[in-house]
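Got chain S sorted already, so can you dock chain W onto it with the hints?
Going down the list, the protein sequences come from chains S and W.
Mapping of the first sequence onto the numbering used here: position 348 corresponds to residue 336, and the numbering continues sequentially without gaps.
Count along the second sequence starting at 1, add 6, and that's the number in the numbering used here.
No lab work stands behind these hints: they were computed from the structure.
Don't take every hint at face value.
[To be verified] Not the full set, but computed from the structure, chain S residues with beta-carbon under 8 Å of chain W: (1) 129; (2) 235; (3) 276; (4) 346.
[What the hints assert, rightly or not] Mimicking DSSO-like on lysine-lysine, the simulated pairs with C-alpha atoms at most 30 Å apart in a straight line are: (5) W:306 - S:56; (6) W:148 - W:241; (7) W:419 - W:306; (8) S:53 - W:306; (9) W:419 - W:241.
A quick note: this is a predicted structure, and the numbers were derived from the prediction, not measured.
Just so it is clear, CB atoms sit at the ideal spot from N, CA and C, and this is done for glycine as well.
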Amino acid sequence: MNSGAATAVTTAHLENGLEVVMSPERSSPTVGVGVFYRVGFRLEPEGRTGFAHLFEHLMFQGTTKVPKPQFGNLINSAGGLLNGFTRHDYTAYFEILPTSALEMALFLEAERMGRLDINAGTLRNQLQVVEEEVRVNVLNQPYGGFSWLWLAQHAFARFPNNHNFYGEFADLEAASVDDAVEFYRSWYGPGNASLVLVGDFDPGAALQLVERHFGPIAPRPEPPEPDLAEPLPAGRREHRHLDPLAPTPQVAVGYPTAPFGSEDHLPLALAARILTDGRASWLQRTLVREREVLLHVAGGPLYPIGDSFEFRGPALFTFEATPREGVETGDAVLALDQELARLVAEGPSEEELRRARRRELARHHATTDSRLGRLTTLGVMAAVHRQPELVDQLPQRFAEVTPAQVAEAAGRWLLPEHSTVLHWLPGAGGTGR
Amino acid sequence: MTGAGSSEGIPQPGAVPNLRLGRVHRSLLANGAEVMVVPRRTVPRVELRVSVPAGSAAGESAAVAELLSMGIPLGTRELDQEQLAERLQDLGGALQVHQDLDRLTISAAALSEAESELYQLVAALVRGPEFPRDDLLIERAKLVEGLRSARATPHFPAHEALGELVYGRHPYGRREPTEGEVARTGRQALQELHRRTFTPSAAQITVVGDVDPRATLRRVRAAFSAWDGPRRGWKAPRVRATIHADLLFLERPGSVQTVVVAASSGPTLGEPGHIAFSLATAVLGGGFTSRMMANLREDKGYTYSPHARVESHGRDGLASASMEVRTEVTAAALAELRHELARLATVAVPPDELATTRSYLEGARLVTLQTQAGLASALAQVRGLGLDHRYLEQYQMELERCTAEDVMEAARKYLAPTRMTTVLVGDASALPGLGALAPVRRRRPRGV
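Isolated chain S (complex conformation) (with noise of 0.2 Å):
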């Protein structure tokens, strides 16, 4: 228990084509197990939106040797704690659960691996299971869904990108067993998949588990690698909503983003820490106190249900607002682009930016002592990006980053004429333009 040291990332690769990404804590009796699968919202079939996330629904519904309601009673009863979540590029399953139950968690996901049981009735009833999340979390809240669902739908031009992720019901209820089979023969092979181990555990050891039940799955044909580029959009663009829930208005700026890996990339992490991170963030000084224009700003790369490393398509730079009552929400825009545009022309001081590497470092250290954020962070990056050691490099690679890269990587992509707008505004109607 070195204060301070990070765990060593080990990778193996199986002959069927499984990636195994382990890094070892063994401060407490704790292991955490995750399957990131290379598919998200993005890959799902034209006509079939939201398939992705129902798909992920169907994986906790038992193997055919494992029927449903064992399949989450075994871990329960190994003092484990289970979930799964969709994003854009990736889906991710997840265990965390005492150190002796080690074997039977990577017994449980070879099994949904290997030999997921795909039915009628579990379809149709996971199917309502998921029109009812939908509606909890979108049909029946104020600001339901804002920016994360509605902003990409009018910023992208292509299917993957600008669809409805969480998925129309009329394409949701014609979803049928056959394309859960096709989808889970195309996407959920060993080869596209990473598999994460940290805690508690003896790599050695566990690399002989994960062979024996891994090992036994079946190669499947490698998906191809998918075409996602986007145009960029030449001029801004202006969408309404009118939500008969909002008691008042609220405003979502989407600017795509530059991609992972790219120059303007680590920059563009720090600028949004810079702009919306906190009291002392440069919106909230100029815009919520000085100014008095808004009420709240928060934003960053893929906001609000990502950060600047969980993608590989196009993704956009978000940020949301709520102005001050009495203030427009085209006001708000206009004192946004102000305050970006000196982002551009100043820069942020060295003050600043040293203060958001803090942070950042901070972060990281936060994320490593947490089994589920450990599990995440490497999890996003051998099976997104394909580099998990990358993860604990992250600290020493924002140090490098100067005030001048910030002000020009905002400079290329955090630009008007590149964004699309959206006003949520109260009343009855839905998006018009």
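Relative to the frame of chain S, chain W by itself:
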């Protein structure tokens, strides 16, 4: 690691290991504040909690209490909110203020190399928050906007009404401020509440992280020993909870789902019977394999995340079972929930199910308490309720001792359908059938 598989080929895990806190270093400051330091050297950070009896029920209105907590990060006379936020960022730090009904807790963290400065910053805030008038106006506007948005959700009116029904005129029963109360609350009211409730003799200071405990105790003492305040802390009066047998239906026209919440008062953490009460509630609605999940979601497909939990307040434990169901199955879903409540009170939980639920609770605690942040918050909570910190370890043994008979008795006493107070929020088209379960009272939700 277990190697051998069972006859079915499913690898069998061992028992859930016991939670071990390790050495807890405690000290009492001259002003009466208690300090607890627990080294946990996983990452070079330190987590601090300062908890005082200034919860949302402590003020003359919920607005005063809530604005008190929103006013803490606004800084001191020497350090305005921006300077404070910048200093915290320098330390790799963050600061949040949480409030439950009884206590206000300042949660702060920093890189461990900067621990001394963190303690000094937080101590200055605890002793002399400035509540600057201009900044307070902005916080008031934020609170009003937050209340309007919250009132537009179906959950807020449900919980507001439940609090009023169960606790009546007790301070626990008025949880949410009105806009009028917010508008009437100024700097003086906050200063007055701060003077009355920031009591060092009732305060808990908790540090968990990569620290040398002796040096840390010294640093905490240096930072907090000048803190002075009233001798006695605020404490909520005793609770006499009320049961309402009829169903309160709050109309929310056009709602595509009905929010259903059923609640009941029982023993709080540390009181006799609490463990059985919690275990019964977990069998009903804790985790993936609970009865609400199995019946209402995985069998019927009525709802996405049905669940039940116990909130432990200083004077009461409140169990609540809640779900959001599509409008047309509202009565059918409530009938199933009441069936599950009745079954829990009349049929012993089978041994396998009881063992699974126990392990689930134990494992969830093990995972929560292994991070610096999770352990710091849990220690602050149990000491805030007046329990020994070792209670965190004893909890598991008590859970193991709890039998199926104990669970049934607790369910009968606290969770039977006749004990529950139920509120529904939805469109009036959900009403047919509800009258078959209990008398229904209808009204519009309270406005702002």
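Consistency of the hints with the structure:
1. 129: holds (6 Å)
2. 235: holds (4 Å)
3. 276: holds (7 Å)
4. 346: holds (4 Å)
5. W:306 - S:56: Answer holds: residue 306 (chain W) to residue 56 (chain S) is near 14 Å, not above 30 Å.
6. W:148 - W:241: Distance of about 28 Å is within 30 Å: holds.
7. W:419 - W:306: holds (28 Å)
8. S:53 - W:306: holds (23 Å)
9. W:419 - W:241: holds (27 Å)
Consistency with the previously given hints is maintained throughout, with no hint failing.
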